[in-house]
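Here the protein sequences line up with chains A, B and C, keeping their order. For the record, in the first sequence the residue sitting at position 205 is 205 according to my numbering, with numbers rising by one throughout. For the record, in the second sequence the residue sitting at position 63 is 63 according to my numbering, with numbers rising by one throughout. For the record, in the third sequence the residue sitting at position 124 is 124 according to my numbering, with numbers rising by one throughout.
The hints are simulated quantities; they were obtained by calculation from the structure and are not laboratory data. Bear in mind the structure is a predicted one, so any value in this text is a computation, not a measurement. Heads up, the beta-carbon is just placed ideally off N, CA and C, and yes, glycines get one too. Take these hints with a grain of salt, some might be off.
[Claimed, not checked] One side only, chain B facing chain C, incomplete, derived with CB under 10 Å:
hint, residue
1, Val25
2, Met28
3, Thr29
4, Asn31
5, Phe38
6, Met111
7, Val115
8, Arg212
9, His222
10, Phe261
11, Ser264
12, Gln265
[Said to hold, decoys possible] Pairwise CB distance ranges, derived in the manner of DEER restraints:
hint, chain 1, residue 1, chain 2, residue 2, range
13, A, Leu200, C, Asp13, 40 to 50 Å
14, A, Leu8, B, Ser295, 53 to 63 Å
15, C, Arg89, B, Leu122, 44 to 54 Å
16, A, Ser137, C, Val72, 32 to 42 Å
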Amino acid sequence: MGALWLFLLLGLVVVLGLCSLNVGASRMNLLHVLTADPDDRISKILFVSRLPRTIALILAGAALAVAGAMLQMMARNRLVDTSTTGPMAAAALGMLVLAIALPQGLPLWGRFLIVSAFAAGGILLFLGVLQRMPLRSALIVPLVGLVMAGVIHAGSGLLAHHFDLSQSLRAWNSGDFSAVLRGRYELLWIAAGLTGAAMLLADRFTVIGMGRDFATNIGVNYSLLMGAGVVLVAMIVGSVVVTAGVIPFIGLVAPNLVRLLVGDNLRRSIPLVALLGAALLLAADLLGRLLIHPYEVPSSNLLSIGGCVVFLAVLLQGRAKWS
Amino acid sequence: MVLTSWRSPALRVLLLGVLALLCMVGFMTVNVQTDWDFILQYRGSRLLALLLTACAIGISTVLFQTITHSRLLTPALMGFDVLYVLVQTLALLVWGGSQLAEWAPSLRFAMQVLVMVALALLLFRLLFSGSVRSLHLMILLGMLAGMLFRELSELGARVLDPSEFGISTGVPQASFRRINTQLLGAAAVALTLGGLLLLRWWRCLDVLSLGRDITINLGVAHGRVVLGIMAVVAILVSVATVLVGPTLFFGLLIANLAYWFTGSQRHCWTLPASVLAGIICLVGGQVLLEHVLASPLPLALVIELAGGLLFIALLMRGVRQ
Amino acid sequence: MIETQGVSKRYGDVLVVDDVSLSIPKGGFTSIIGPNGAGKSTLLSMISRLTPMSAGTVLVDGMDVTRTPGSVLARRLSILRQDNQTSLRLTVRDLVAFGRFPHSGGRLTAEDMRHVDEAMDYLRLNEYRDRPIDELSGGQRQRAYVAMVMCQDTEYVLLDEPLNNIDMRFAVDMMQLLRRAADEKGKTVVVVLHDINFASCYSDHIIAMRQGKPAYQGTPQQIIRDEVLRDLYEMDIAVHEVNGQRICVYFRMA
């Protein structure tokens, strides 16, 4: 059963990837590449813009989906995501602070590390708050997360307004991949590595999802693993936000859909989660490119709409359960 | 029982009242540069609007927190204000060019409040099963619906005019400077009506905080009373939203200030305290920012930020649900 | 008298209370016992109109609980369930005083205060009278809530597992208090109990439920017997007479 889904999703990603290569502001025929000369305009578009963009989408989608799954384990709640609990908003704040404090810019690595640090702060704040809530109903966790994200958002808005950077903040908050070119998305390979690490630790993370006492009883080093989780998620969020901006809801939708299909065993489902994340982001980006061709709708806009609808559906469908 | 020590809630509310009065006097008299008539009209109408807003948000937030047994949740978080803007937008779409445009703004407002109350009650009835958890569900749904609405309007704007960049978000931000003084009269009437309606259930308010089971045990018709109070909340939120736009954390800020300062949970103290705290924040805050600090920072953003930080602090302190 | 006629409660596909028709006599102490999931708490909360019924009627002194105005019923019947608000900034005195609400609508007279003091005395809460309830231990808080219900001074007092979280000493105190309320004040006390020994020692009448239906009803002599309990709890329970009381021993069978 799991293997079937694996192949299906893999196929989906491949198909979407090929579509992604084909679609864009300028028309082109993919097959042309096989025959033409490397300096040809079409090959340039392909290798400088479309291919990097497609690869970036796949890497980012997979990474965000896996990060979402990990956050869900750490928060012990399946209705959370990096964009609905604060880390992404914190990362955007980090970008803002960098722009204010160091307007001359920083090398990519520097930006990545600082923004990731902000994202880590966001995660720690959220988890810290959760720890202090003795009775966590299933719904109060995402609720608190949403409000915290809102607070950080409001704070960033205030800061941006003061330094006249509101336009830039809005651009960072509605992330998309239209500016991704060869040489501009390399951070996402780091995200890929982190995703791989997360997938290897998936087993241990399921244990974290059962709570500190349970984990300690089995002999898993809870604090160490939580720390590793925070670092992994923060760096994934950091790499995506620096490259493309805030990309919402993938970490919520992908793990929950996969859970519906194959159940809760993280070790078996994590490859599916990664693939579905990639597929979702590819699809959203494609749709964005097609809707008002030749203009683009940022994928974050479409993902927000889709994510809200899915989230609402999940809540309404399980209504009897929550009350 | 009123003790004559400084711990007494009555004394504290009195203190808040004095502070609020000082703020109001300051608002009207600081830095007066033109003649009195103009000041009276210009500042006076703004002051009235701020007072009405403080009343509306202070009362609606405390009432909402009583029903939801939480110090963290507010009607704004549930998307009430977004609901109001939705009603406004829908009204425009449906009756935009026709007779509605010719109605006096106050009549239009009255109609929007009615629709808002009806919608709020309908949603509440459909989703609220009586437990606190289903309230959390409603609030989540409200927040998500608000987010969806905002994103959809942004998408709509992009689709309609793709070359437009720098699109403003669908839902306007609150502003305590650009106040809609046109509807002051209608707002005051609505606020009074809401207050009169509240009087009907005044004595049950403290009992409600004990939880559904005990409320019913003590003979209060829990379902009906809660629905009635929700109607009052819907009216009050409409008043505030039409005057200054949607706020997110302002209610949270003043309600918690009221609980903290009075040290009590009895509504006879917390309701006035919340209103007075609101007046101090809005009126006093405006005086501070505009005249004392001469800062271009919008009061709305500062208050939202303060409220938001308070929220996080409350969470960290471990306010039990 | 409390009379239930064909009362049922269904949650989705599950029938938690199945067509229960019984009558609880006026005056005296009645316990409802049974294994987990038997429907005891659900039945009690339907009788007290806290939970709507899927079918059936409940009459308290001839009044239909779903049709009678809440304020009228609140002077005749009081109910206390298990999980109550813990994060209230109220003193014990304030909480207990709420018990007078059905009688005085929030305005407390001297008569009301007398009831409040008496209730706090009964439950030995005087040393905590001005402490906020969120600073009390679980057991102390539970006693405060029971005091509130006592203060409500109703003819029928319904309690759902009031002994949870309470120390042995206070549990015995509470049971003795409830017994006195039935004897001295003629109240009808109906209690859902987990501990069959407390039920055995204090009840006039026991209703034993299983799978949503009352399987047995009777005096402690009739119910607290080896065969009945074996059928009810599906385990070996030895009943011994100690000091004139029927005590169940099931902890470690030889």
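Can you name, in rising order, the numbers of the hints this structure does not satisfy? Hints 1, 2, 3, 4, 5, 6, 7, 10, 15 are the ones this structure does not satisfy, whereas the remaining hints hold.
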